[in-house]
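Residue numbers (our numbering), protein chains in the order written: chain A, 196 to 453; chain B, 1378 to 1639; chain C, 741 to 1002.
Because the hints were derived from the structure by calculation, they are not lab data. Just so you know, even glycine gets a beta-carbon here, dropped at the ideal spot from N, CA and C. Everything hinted at is true.
Derived pair list, reagent style DSSO-like, types lysine-lysine, alpha-carbon separation capped at 27 Å:
(1) Lys-1546(B) to Lys-810(C)
(2) Lys-845(C) to Lys-927(C)
(3) Lys-810(C) to Lys-927(C)
(4) Lys-814(C) to Lys-770(C)
(5) Lys-927(C) to Lys-866(C)
(6) Lys-1481(B) to Lys-446(A)
(7) Lys-1546(B) to Lys-814(C)
(8) Lys-845(C) to Lys-1546(B)
(9) Lys-814(C) to Lys-845(C)
(10) Lys-770(C) to Lys-810(C)
(11) Lys-814(C) to Lys-927(C)
(12) Lys-927(C) to Lys-770(C)
Pair ranges (Cβ atoms, derived):
(13) Leu-236(A) to His-1524(B): 36 to 44 Å
(14) Glu-851(C) to Lys-1481(B): 50 to 58 Å
(15) Val-227(A) to Val-1439(B): 36 to 44 Å
(16) Val-214(A) to Trp-987(C): 54 to 62 Å
(17) Leu-1548(B) to Val-227(A): 33 to 41 Å
(18) Arg-1386(B) to Leu-221(A): 57 to 65 Å
(19) Pro-259(A) to Lys-1481(B): 27 to 35 Å
(20) Lys-446(A) to Arg-1471(B): 32 to 40 Å
(21) Leu-1548(B) to Glu-851(C): 22 to 30 Å
(22) Leu-217(A) to Val-1501(B): 29 to 37 Å
This is what each chain is made of:
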Amino acid sequence: MRKAAETIALRIWDGVRAVYPLLLLLVVWELVARAGLVRPLFLPPVSVVLERLYVTATDGELWPPLLTSLYRSAAGLVLAAAVGIPIGFLVVRNRFVAWFVDPLVAFGSPAPKLALIPVFTLWFGIDNLSKIMLVALTTVFPFMLSAVAGARTVALNQIWAARAMGSSEATLLWRIVLRAALPSLMSGLRVAVPTALLTTFTAEMVAGGGLGGALIMAQRYFESATVYAYLLVMLICGYLFDVELLRLRRKVLHWYEG
Amino acid sequence: MSAAGTASRGIRILSKAGPFLICLALWQAITMLGITDPAFLPGLGAIWAAFRDLAGETTLWVDLATSLITAALGLLFGILIGVPLGAAMALSPRADGFFGPIIKATYSLPKSALVPLFVLWFGVGGLTNILATVLTTLLPIVIYTYHGVHGVPRLFLWSAAAFGTPRWKTLTRIILPAALPAIFTGIRIALGFAFIVTIAAEMIVSNHGIGKLMFFFGDSGSYNYMFAAVITIVVAAYLADRAFVIFTDHILRWQEPAERHA
Amino acid sequence: MQGVSASKIAVESLSKSFDSISAVDNIDLKIGAGEFVSLVGPSGCGKSTLLYMIGGFVHPTSGRLLADGKPITKPGIDRGIVFQDYALFPWLTVYDNIAYGLQMKGCSRAEERDTVGRYIDLIGLKGFETRYPRELSGGMKQRVALARTFAYGPDILLLDEPFGALDSQTREIMQDELLRLWGSTGKTILMVTHDVSEAVYLSTRVCVMSRRPGRIVREFPITLDRTGTRESIVLSSAYTELHNQVWLAVRHEVLVPGGDAP
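Chain A on its own, in the form it takes in the complex (with noise of 0.2 Å):
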């Protein structure tokens, strides 16, 4: 009985002790604001910021800017995977499309896609289209890199058991090659979300629209409550989507050793 409460007490010490600096942080900016040692407008209470978020969520400010800007990473992901994860099966397949993709590869990952963010507005707009190539552009890349580092993983001899008992080249690309690059892809997953969501609220922090389109609105009428409130709920969706993929990864990689 009395190890069950050590017990207790001690993982709560450990929580503690996780958030102590965050928590600190929080009573000092409330204190700092409170006590009008800084202009309200540069940081205004703790307080006021979170009663702001939760004004903006409940009477519905806040969703119509968010979901445009979920929408639009999530859609960028999706075209981002269906394209990269393909060509960087075939990489690792066909030594034409190596030679070609390998130098690509090379310069546009550490290019700032960015940049291209005039190139695409002019090309596609200034709603969603634009943010959702951009996206697309941006993400191609980890995908590209995490399906090629995983298509190599697949041990020779496992194509070589699947074609002996006759499998043909489809099935044989699906059920072997996917799963055994499945955990790469995670990885290339966990660096495709966040890179979609900094992409998203970029562009549209520069081309209007979405969350990132209400902030910069939010700074020019100097309405400092909101531009925290905003950056919390970024931050949020940040934190939030990395758990979920932690969950996933786990649920969908129980039978991986690695």
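Chains B and C: place on chain A using the hints.
Quick look at chains B and C alone, frame taken from chain A:
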């Protein structure tokens, strides 16, 4: 280098350039065949003419320099703050306990989103952009430095101790060199981020730098100039990355080839 | 039996447990100056742990450790160590690796150059001074590892399976190299090895340890005429007799039924 060596090197370079040449040829073909509106996709010739024009005036170079300096300063401060911080976190559980949660919390926030906030604080100007860049570069540098220092094999530390290495020297002569490959990887990633955030900030605020230039041309419909500016910064970022890789490859020439970066 | 004050290394009633697992149990060992003692035993018997405690890298749970009559609390320049892996600092050249201990001692540049040059000649690596470890074969690396530990002059040398990663031909060459270095410097050497023939070939005394928790169960004084060639030593009946005795003792420990229970 022998004649055969030079020839094979030349062939390798041509082989790597091949895909780009094919893409450029496709671009030229599309524009010449009139498949697309020349306003949306200027021909290579028009873009080159625009670039020559810009290169002749000072604007392009001044703006490019502004962007490069912003990115460089952001990266520099990111290194000056991030490397000691990452090392401290790896060596001191207290430092790790304090900064760790802060870093984990801000991990999911796209740092370019801080630009509007910084505009509120500091107004429109170089400081905002540099500060946003610093915060963006801090994350990969701290994380990779942490892992590099943390991962120094304890046998190195034991050997150093047996040789009578004082604690301070262990840090500079053992831990730092052993962690350098990881630190350089973090800096390389931070370099890429620095360019991205710098350009993003300049586009959001658009009062100086290449970002402003791109925007200006886009707004006024001079698309061939806009393309020229975009290509300029993309190439600059690529060259910066290559230069960094060549530099670090030389410093890390002691590494086993298998340990080299991809 | 030597008194405590006459021993170079004295281990008394030494025990070490990791959490609840007993690694080493109540070890007594005395090593005199100039001896070459080998520790052999089944895998996991704690021989490396004992070596690390003498080196000062791991702290005992109970018991006493003395070097030259003084308690061992941490690593020191009186006890050099050579590991099987990570024996050299990969970011330093051959010259710099061998010079490292001398630099920590504060030797003058001239003295350093002199000593390093001597050892490079001694291990037959003249011309390789500016090479990095990654450019060396396994045997060359261990040669440099031995040289750098001999070079700065510790009285005691601790060797943890130094030749374990080498192929058998290289291993034999290295053993003769080690014998030569020991012969010309008269150091006290404590070596951990799983190779019984190596232990008998090199040592003046072989200690056999039991399975975990490790205890010293038998000691074999080795008197061999080492003035001849390797062939003459290995093919002698004295060597064969000793080798068989030690091998049987170790085999006995390997085949003891059950796990850790005393």
